[in-house]
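Peer 1: From first to last, the protein sequence lines stand for chains A and B. Numbered by my numbering, the letters in the first sequence go through residues 1 to 194 in order. Numbered by my numbering, the letters in the second sequence go through residues 1 to 235 in order.
In case anyone wonders, no lab produced these hints; they're calculated from the structure. Just so you know, even glycine gets a beta-carbon here, dropped at the ideal spot from N, CA and C. A few of these clues could be false.
To be verified - Using 30 Å as the maximum straight-line C-alpha spacing, the simulated DSBU-like pairs for lysine-lysine come out as follows:
no., chain 1, residue 1, chain 2, residue 2
1, A, K173, A, K97
2, A, K168, A, K134
3, A, K134, A, K173
4, B, K138, B, K76
5, B, K194, A, K134
6, A, K97, B, K194
7, B, K76, A, K134
8, B, K62, B, K76
Claimed, not checked - Cβ-Cβ distance ranges computed for the label pairs, FRET-style:
no., chain 1, residue 1, chain 2, residue 2, range
9, B, K194, A, A118, 39 to 45 Å
10, A, R41, B, G84, 40 to 46 Å
11, A, S30, B, Q63, 17 to 23 Å
12, A, P158, B, R11, 39 to 45 Å
13, A, A25, B, Q109, 19 to 25 Å
14, A, A159, B, S51, 44 to 50 Å
15, B, W212, A, R41, 52 to 58 Å
16, A, M1, B, N89, 42 to 48 Å
Said to hold, decoys possible - Reference listing, derived: stretches of chain A covered by chain B, where coverage requires no fewer than 3 residues with Cβ under 8 Å from a Cβ of chain B:
no., region
17, 67-77
18, 109-115
19, 162-176
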Amino acid sequence: MPERTPSQTVGPYLHIGLTQGSYGAREIFSANLADAGLAGRHIRIEGRVYDGQGNVVPDAVLEIWQADDQGRYAHPADGRPLASNSFRGFGRCPTDKDGVFAFATVKPGSVPGPTGTAQAPHINVGLFSRGLLKRLFTRIYFEGEPANAADPVLALVPAERRRTLLAKADPGKPGHFRFDLCLQGANETVFFDA
Amino acid sequence: MDDVYSRAGSRADPPYLVPDYVGTRTRAPQRPLILIPQTLSEITGPVYGHSDVLPEEADLTKQHAGEPLGERIIVKGRVLDEAGRPVPNSLVEIWQCNAGGRYRHVVDQHEAPLDPNFTGAGRCVTDGDGNYRFISIKPGAYPWRNHPNAWRPAHIHLSLFGPSFLTRLVTQMYFPGDPLFPFDPIFNSVPDPKARERMICRFDLEATRPEWALAYHFDIVLRGSRATPLDADHA
């Protein structure tokens, strides 16, 4: 049987290949996952990435993968029909010089979990950058969501670290959420291995 | 719930913290990863295929008015999973520096010339049997500031998706016999020497086109599933 090809860093020049739109070439990905007419609550998630010295990370790219507002994935392993063909559930966004990224999307619905459980609304996140030899994987949950209490993945996270996975609503801007990632330190984001 | 995707193969990957690669020191997470089950959120993933990509995007030598300088190469191979099954209809993205070792990127200040006829980005989608193919020019080695007199061996970055969120891979393809291998902390971040060899393409005389371009063959093996996701009991 063939053995896996190892992971390597994207390096500092990832934009050439991964965000071609950033220099005017044809882009196939977007940080906007939701057409204006897509059903669901339209939201914006903005955040910043910090390294272990508290400096912003200006050369990362984030990828998100999520279900639609009914909790359905645009993928054959889900199999349930989607309300919209335009929804693909995937977004990609580089951080800017201030370490900032932003996605426009719809809030996902609850997704089936292991053995009959239900997962709270969440968005899978992959993070690549110079200095990361392999992808970091985390999830965005939503602060104040009642379903969080019964989420089977959050239950595996020590209670004091769960806050690092919660996007916080911006009280001044309806539909706007804040989600920062810290690669190291006291506020280090919880990263997963599945 | 049983795993759909194998976990053992991740031994091939480098750790996050490799102190000789200075950039990892402030970016590698310091707390252990939390193991979670493979739920519907992980065994699904983005589906991008032939309708997203233009055929000419697989030829990095045809993106400008003239041809880029350097040694024209064909880079081709198959995308497989750990069970040896082809990964069909799956997006492959590549990027690289030019023949002189310079990236077309504002951050790259290496004193080597930019090539007005070379951007260094390509994409294609694997065929039904997992095959992919690019035309490019051989990238040069280039210096970086990791340590005194540090140089990266020539490489091409590859980004692959496979069938799920868990099969996503970004790696680098190296060229046979590069004298810089022993000195490169990124290449050597992979602990197993045999796994390092799997990042080196092989020269392919049969696929080499006479009077035109050398060919290099590079198979990429993604994380494998014990069953196709459609068969798997993910509930």
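Peer 1: None of the hints should be skipped; say for each whether it holds.
Peer 2: Consistency of the hints with the structure:
| no. | hint | result |
| --- | --- | --- |
| 1 | A:K173 x A:K97 | holds (24 Å) |
| 2 | A:K168 x A:K134 | holds (27 Å) |
| 3 | A:K134 x A:K173 | violated (35 Å) |
| 4 | B:K138 x B:K76 | holds (13 Å) |
| 5 | B:K194 x A:K134 | holds (18 Å) |
| 6 | A:K97 x B:K194 | violated (38 Å) |
| 7 | B:K76 x A:K134 | holds (23 Å) |
| 8 | B:K62 x B:K76 | holds (17 Å) |
| 9 | B:K194 x A:A118: 39 to 45 Å | holds (43 Å) |
| 10 | A:R41 x B:G84: 40 to 46 Å | holds (44 Å) |
| 11 | A:S30 x B:Q63: 17 to 23 Å | holds (22 Å) |
| 12 | A:P158 x B:R11: 39 to 45 Å | violated (26 Å) |
| 13 | A:A25 x B:Q109: 19 to 25 Å | holds (22 Å) |
| 14 | A:A159 x B:S51: 44 to 50 Å | holds (45 Å) |
| 15 | B:W212 x A:R41: 52 to 58 Å | holds (55 Å) |
| 16 | A:M1 x B:N89: 42 to 48 Å | violated (22 Å) |
| 17 | 67-77 | holds (count 6) |
| 18 | 109-115 | holds (count 5) |
| 19 | 162-176 | violated (count 0) |
Figure legend: structure checked against the earlier numbered hints; hints not met, in rising order: 3, 6, 12, 16 and 19.
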